[in-house]
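Residue numbers (my numbering), protein chains in the order written: chain A, 1 to 501; chain B, 1001 to 1324.
Derived by calculation from the structure, the hints in this document are not laboratory data.
Computed from a predicted model, the values in this text were never measured in an experiment.
Incorrect hints may have been included.
Derived list of chain B stretches under chain A, where covered just means 3 residues or more per stretch with a C-beta under 8 Å from a C-beta of chain A [to be verified]: (1) 1077-1083; (2) 1100-1114; (3) 1194-1202; (4) 1245-1258; (5) 1272-1285.
Heads up, simulated EDC-like pairs for lysine to aspartate or glutamate below, C-alpha to C-alpha not over 16 Å straight-line [unchecked claim]: (6) B:K1112 with A:E277; (7) B:K1322 with A:E277; (8) A:K96 with A:D221; (9) A:K385 with A:D221; (10) B:K1243 with B:E1231; (11) A:K246 with A:E277.
Glycine included, every Cβ here is placed at the ideal spot set by N, Cα and C.
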Amino acid sequence: MIDALLSAATPFNIMLALIGVVLGTVIGALPGLSATMAVAVLVPFTFTMDPASGLIALGAVYTGAIYGGAYASILVNTPGTPAAIATALDGFPMAKQGDGDLAVTISCFASAFGGLVGALALLIVAPPLATIALKFGPVEYFWLAIFGLSLIAVLSKGATLKGLIGGFLGLGLSTIGSAVVGGDVRYTFGNPVMLGGIHIIPALIGLYCVPVLLNMVATQDPHIERAAGGRGARVGEALGLMWRSKFNLVRSSVIGTVVGILPAAGGAVAGLVAYSEAQRTSKQPDEFGKGAVDGVIASESANSATVGGGFVPTLVLGIPGTPPDAIILGALMVQGIRVGPQLFAEQASTVYTFIFGLLFATILMIPVGLLIGRTAFRTISSIPKAVLAPAIGVLIMIGSFAVEQNATHVVMMVALGAFAWVALKYGFEASPIVLGLILGPIAEQGFVQGYLIGNAAGNIWGEFFTRPISIAIIAFTMLTLLWPVWTGRKGRALKGALQNE
Amino acid sequence: MKNITRRHFGKGAIGLGLTAAALGAPSILRANTYPNRAINYIIPFNPGGESDVTARFQQPFFEEITGQSVVIQSKPGAGGATAWAQLNGFDPDGHTIMNTIVPHTVLQPAMKDVGYQTADINNVFFFHYTPDAIVVKADSPYQTLQDLIDDASANPGTVTFGGSGTNTANHLASQIFMDMTGAITTYIPFRGSAPAMTAVLGGQIAAAMSYTTQGVKAGEQVRTLAVATNERVAALPDAPTFKELGYDHVGGAYRGVAVPAGTPQDIQQRLSDILQQINANPDFQAQMTAAGYEVIDVPLGDVPGFIEERRAAYAPAIERLKSA
């Protein structure tokens, strides 16, 4: 262990971690350039390094990219990566109200904390934790997706019916293309480019960013408020708020770690689940979506914790926990390293060197994040809209194209964006649509697989309703759905009692 | 108006002239200069998968032989169909090449309208196959393939076989398996071969109709009951071949390299030669076999015969899948 710590702390490895975090943060901040792409681009460079150093570089880029997604979420309402969707929900309202600097600083500390929790879990309890990945079968993923869909109630900000309509629309959009299970070709209108379906990244950019961009040019108001005079990075204030939300911080980091271990879930689901739990247990649940600090803390700590969590099944079982992990796993194969249960015994020095390197990278994220975040905030809040709007416009075009070097994605992004702008005018939020789009395939595949497995065993009902983890998720879903009804009734009863006196 | 027409005509004439000159030039000269810039190697699947990993195995050897860099680019979607449908839209100069898989490119157009036909894919070389393999969890009651066949014959439909997607190599292989053994299994499609293996390890499904590579990756957590090769696979010495067990089944996912239609014949030949040269390199072979891949040579001249042979081998199973 000490050996590994020392070999992780060589100047070369520390430098790799630093460069990785900086690069990742910048790539993650640009809409369209995701953590997966950041890792994929870097992979060939790591082949010349020894395996541990290569892994540290990849892990650092990955960590940085997941964090970098927060900037675009907070400052332009565009999740830089899918993992940062829930960050936009409160981060952008905070920025609108003049607290963008505070939101950026909080997101940095929350990310670092979540990242540390995930990496420590990987360091200390990886082998037993990995079994969680195996306990989740098709049925559990189906129920997890249903639980995720119950978030529509939270995300529709009071307009529940409109939220439900948006959610159904998202589910519908998610069925476009060739189905993984069943192989049917759906709603492509004979156009082969539609076979791959609606890609999540252009959809995110279109649905979230285009309306903001159009409003930017349609109104006179400044894009985001900025208080007169410098206020610094508001580090003390941020740390104070974090201390007040310590339970939220720890809970969200644990949620992120566990969701990260689940191979079919990922950062977006982790952030959204943590967000919903933070809202449900908050004393001011009505503040969520209007600039609640707890929303940013929950989303950012959870999505960063998925990095360490995702490495757990990747290294222990050879099952990639997240899409970037799949690339890292491929890189390991090329390096000649066999992952699996024997890895921690046979390649202990490589593995522990890497994990310590990941811990260093996460700690380095604090100064790097504060510095880049401060610059990003200053830039976005001070340059005139006449420059900002076209610059963002160009960036999102390039970002959508870069996903798969496909011009169709740009067309989809613009079309969905125009639609979202009109829909927003009639009170339809983008988030329920995105939720349907992300969770639709998980729910559909889980349901069909669970149905086929249950049918083969002659017990479909038992397959869906008697497995312990399924029952727990169903219970949580009911709790999330019924909680507002119960607290609402309690509130009314209290009000009634007061009036009677 | 007249002017414009004439100018256009003029340009066309120059173009024609250039083409004629190019055609007239000794083709040997052009083949010698190919490749003269970076090669764009398109992988129709996500990074980290078998197509991506084997392309990355090839990459350094390709660069060593040609002196040109190879850029690996991922264009995933619809089980590869998105990229294959776009193949013939790229410049036919040999600098854009694409990874292809048989049976995918035979099966997909046969089952659905996926925007391309099998004949549209202009393969120049097949460099390996990832052999089919039946994998169960280490603590599975099935010690041998016969145990599994007995159970699936006695209780038709109760044994679940996970695999990557519908209308894929795994799906076809499980149909071939049923036709061959008479056992009835239930195929459960997953979003790739890795999630199917996860379900095996988690005990949600009885077995995976997967690949040798997955059996190698999962190590001691699993037992590989049979592999679809002629000889035993070096990386899985304990796993018998189907042939040993009395079933004549050899095959898997055959990976090749294709170029857009209209790519000059001599460039296609040169590319085929380069890929064959990579295959002959012992270091490349060592990497491939350690991971569970079987290196094969199907050079340009043999491609049409190879595709026909595979198509004939798949035809009965494809008919059964269609009527299912």
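Here's how the hints hold up against the structure:
| no. | hint | verdict |
| --- | --- | --- |
| 1 | 1077-1083 | holds (count 5) |
| 2 | 1100-1114 | holds (count 4) |
| 3 | 1194-1202 | holds (count 7) |
| 4 | 1245-1258 | violated (count 0) |
| 5 | 1272-1285 | violated (count 0) |
| 6 | B:K1112 with A:E277 | violated, 43 Å |
| 7 | B:K1322 with A:E277 | violated, 46 Å |
| 8 | A:K96 with A:D221 | holds, 10 Å |
| 9 | A:K385 with A:D221 | holds, 10 Å |
| 10 | B:K1243 with B:E1231 | holds, 9 Å |
| 11 | A:K246 with A:E277 | holds, 14 Å |
The structure fails hints 4, 5, 6 and 7 (numbered hints given earlier, in ascending order).
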